[in-house]
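Student: Listed below are the residues making up each chain.
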Amino acid sequence: MLKITGLESGYELLQVLWGVDLHVDEGEFVALLGPNGAGKTTTLRAIAGYVPALHGSVTFRGQQISGMSPNKVSAAGIGYVSEALNLFPSMSIYENLLVGAYTVKDKAKIKANIDLVYELFPRLHERSGQLAGTLSGGERKMLAIGRGLMPSPSLLLVDEPSLGLAPIPTLAAFDALKQLSKRGVTILLVEQNVNTTLRIVDRAYVLEQGRIVLEGTGEQLLGDTHVQEAYLGI
Amino acid sequence: MTTATNLRTVPLARRFLTFTWGVVALVVLVLAIALIFQPSIFVDTLVTGGMWALMAGGLALVFGVMNIPNFAHGEMFMIGGLVSWVIYQPIRDAFLNDPKNMFLQVVGPIPGILVAAVVGFLVGVLLETVLFRALRKRSRDQWVMNTFLLTAGVSVMLVNGDRMVFGNDYRGVPRYWDVHSLQILGVPVAVDRIAVFVIAMISIGVFSYFLQRTRTGRAMRAVSQDETGAQMAGISLNRIFMLTMGLSCGLAALAGAALLSIFPNSPDVGVQPLYLAWYVVILAGLGNVQGAIAGAFIVSLLQTLAVTYLGLGWVDVAPTAVIILILLFKPSGLFGSEVKGVWEQ
Numbered sequence: 001m002l003k004i005t006g007l008e009s010g011y012e013l014l015q016v017l018w019g020v021d022l023h024v025d026e027g028e029f030v031a032l033l034g035p036n037g038a039g040k041t042t043t044l045r046a047i048a049g050y051v052p053a054l055h056g057s058v059t060f061r062g063q064q065i066s067g068m069s070p071n072k073v074s075a076a077g078i079g080y081v082s083e084a085l086n087l088f089p090s091m092s093i094y095e096n097l098l099v100g101a102y103t104v105k106d107k108a109k110i111k112a113n114i115d116l117v118y119e120l121f122p123r124l125h126e127r128s129g130q131l132a133g134t135l136s137g138g139e140r141k142m143l144a145i146g147r148g149l150m151p152s153p154s155l156l157l158v159d160e161p162s163l164g165l166a167p168i169p170t171l172a173a174f175d176a177l178k179q180l181s182k183r184g185v186t187i188l189l190v191e192q193n194v195n196t197t198l199r200i201v202d203r204a205y206v207l208e209q210g211r212i213v214l215e216g217t218g219e220q221l222l223g224d225t226h227v228q229e230a231y232l233g234i
Numbered sequence: 001m002t003t004a005t006n007l008r009t010v011p012l013a014r015r016f017l018t019f020t021w022g023v024v025a026l027v028v029l030v031l032a033i034a035l036i037f038q039p040s041i042f043v044d045t046l047v048t049g050g051m052w053a054l055m056a057g058g059l060a061l062v063f064g065v066m067n068i069p070n071f072a073h074g075e076m077f078m079i080g081g082l083v084s085w086v087i088y089q090p091i092r093d094a095f096l097n098d099p100k101n102m103f104l105q106v107v108g109p110i111p112g113i114l115v116a117a118v119v120g121f122l123v124g125v126l127l128e129t130v131l132f133r134a135l136r137k138r139s140r141d142q143w144v145m146n147t148f149l150l151t152a153g154v155s156v157m158l159v160n161g162d163r164m165v166f167g168n169d170y171r172g173v174p175r176y177w178d179v180h181s182l183q184i185l186g187v188p189v190a191v192d193r194i195a196v197f198v199i200a201m202i203s204i205g206v207f208s209y210f211l212q213r214t215r216t217g218r219a220m221r222a223v224s225q226d227e228t229g230a231q232m233a234g235i236s237l238n239r240i241f242m243l244t245m246g247l248s249c250g251l252a253a254l255a256g257a258a259l260l261s262i263f264p265n266s267p268d269v270g271v272q273p274l275y276l277a278w279y280v281v282i283l284a285g286l287g288n289v290q291g292a293i294a295g296a297f298i299v300s301l302l303q304t305l306a307v308t309y310l311g312l313g314w315v316d317v318a319p320t321a322v323i324i325l326i327l328l329f330k331p332s333g334l335f336g337s338e339v340k341g342v343w344e345q
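The listed protein sequences correspond, in order, to chains A and B. Numbering of the first sequence is given in our numbering, commencing with residue 1 and proceeding in unit increments. Numbering of the second sequence is given in our numbering, commencing with residue 1 and proceeding in unit increments.
When the alpha-carbon atoms are kept at most 25 Å apart in a straight line, the in silico SDA-like pairs for lysine to any residue are as follows:
1) A:K111 / A:P89
2) A:K111 / B:T216
3) B:K137 / A:G10
4) A:K72 / B:S139
5) A:K178 / A:S154
6) A:K178 / A:L232
7) A:K72 / B:T214
8) A:K105 / B:R213
9) A:K105 / B:G217
10) A:K105 / B:R215
11) B:K137 / A:H55
12) A:K72 / B:N67
13) A:K111 / B:T214
14) A:K105 / A:L120
15) B:K137 / B:S236
16) B:K137 / A:A75
17) A:K109 / B:Y209
18) B:K137 / B:F148
19) A:K107 / B:F210
20) A:K72 / B:R136
21) A:K111 / B:G217
22) A:K109 / B:R215
23) B:K137 / A:Y11
24) A:K107 / B:R215
25) A:K111 / B:Y209
26) A:K105 / B:L237
27) A:K107 / B:T216
28) A:K105 / B:Q212
29) A:K178 / A:Q192
30) A:K182 / A:E83
31) A:K3 / A:S57
32) A:K72 / B:M242
33) A:K107 / B:L243
34) A:K178 / A:T41
35) A:K109 / B:S236
Here are some chain B residues pointing at chain A (derived, C-beta under 7 Å):
36) R218
37) Q225
38) G229
39) M232
40) A233
Treat the hints as calculated values from the structure; they're not laboratory data. Glycine is no exception: its CB is placed at the ideal position from the N, C-alpha and C atoms.
Put together the whole structure using the sequences plus the hints.
Tutor: See below:
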């Protein structure tokens, strides 16, 4: 579904990615792991169109998407939940979700998706009139994921849902992603919480210094000596 | 450390809130007293306030969504008046030759006013696509400063361009609707001013509905709150910026056209409305559209009070003095940051 080959990307004076190859198949739950500064977020930003690709290609369902503007990538069916969340603080939860459905024309479908999000996160339903800027950290993550789901993306990119969350909301966020994956949403997840992530995903990549160094199923990587030494402290 | 700051900030924020509502309550009180003892103040405040609301609402919108302090906003007012004047002249000649034609006399001014709004919209779209989009592509460093200089330059060019093409004369109409004044609350009000008020109220209503309830209006607010988030939702920034600039300039041109009989058109007619709109926007809090609409009525009340009790020369002095006082107590503007949420709801 998503295929990245030899992707090189970065910022004005700093190249971050030095040839990333990865692919995500339909219905898969894939994680991209690695230390700080490895280029995980940059990879997602490059897919979503926020940083330009210098070399290499990103294709989505056979369509070349590198070089597209972010709103076009979104319209092509790729949802992106950023690390910063980028919610609309002076809008209510409900309005945030409505804006998330900007590209959806069918009113019945918008309503169905809002119901889906409320079912997944009952907390958002209870507080639907509350302004996003007044929500707690965990609720903000839920809202960001919910907003990302509104256009019914076929692929959801999620950047560090555990960042800044206490253990219990972190588990809740992972749980929600797992549920989404069971419902058939393809997910590419960026995480630093290696242990928990490897237990819930189908497959994972390890990114170090802008290159993919390891690839395998969750179990394979949990048993890998490099992963154990570098990330699990075993 | 954190507890100490919390203890300090919580009551401060609350005091600001009450201050804002105190000012609003005072304005409402003064208007109520005026309604009973001096209805002309009440009527004048509403009539002029409506027009400043159109100017200031657009100015606040462009600042909020695009972060552009538009100093060419007054020239949109000028362009609106000019377009309406050009279109109204032949219609006026036609019914002066045929004074019995009531239809021309009643409907005559409307095409000019409508076309002015459309032309204003197109000029706004042109400004965005030709100037701001090009600048945005090059660099967004120092954006507010650069766009301020750019709009100031556009203003100078438009004023002198108008002077070059149409000359330095005043181009006005004594009245759009040349009929007797109506009595409202015992105050004679020219039909022109009633029309101005009606146009302002309809436009403000449509404008607010558009921002609050429609998909595109919601997208505009989304862009003003988080550009990246808006892009994630599939919103095209370029499209929203184009519409925002167009809408803002269209409203200013509409105001200029509707007020042609009160502000006869000349190259620099936009200067006073521009500064008034800025008073309002600074008073209300930068980028807050609903605050600006409320602020417009506060400024127009101050102006009316100054004209009634101090004399015409004080018309700009009184609002500025009060705004300085208010900003001393609340630098972010009456409806700035803290209460923005309340207004957004």
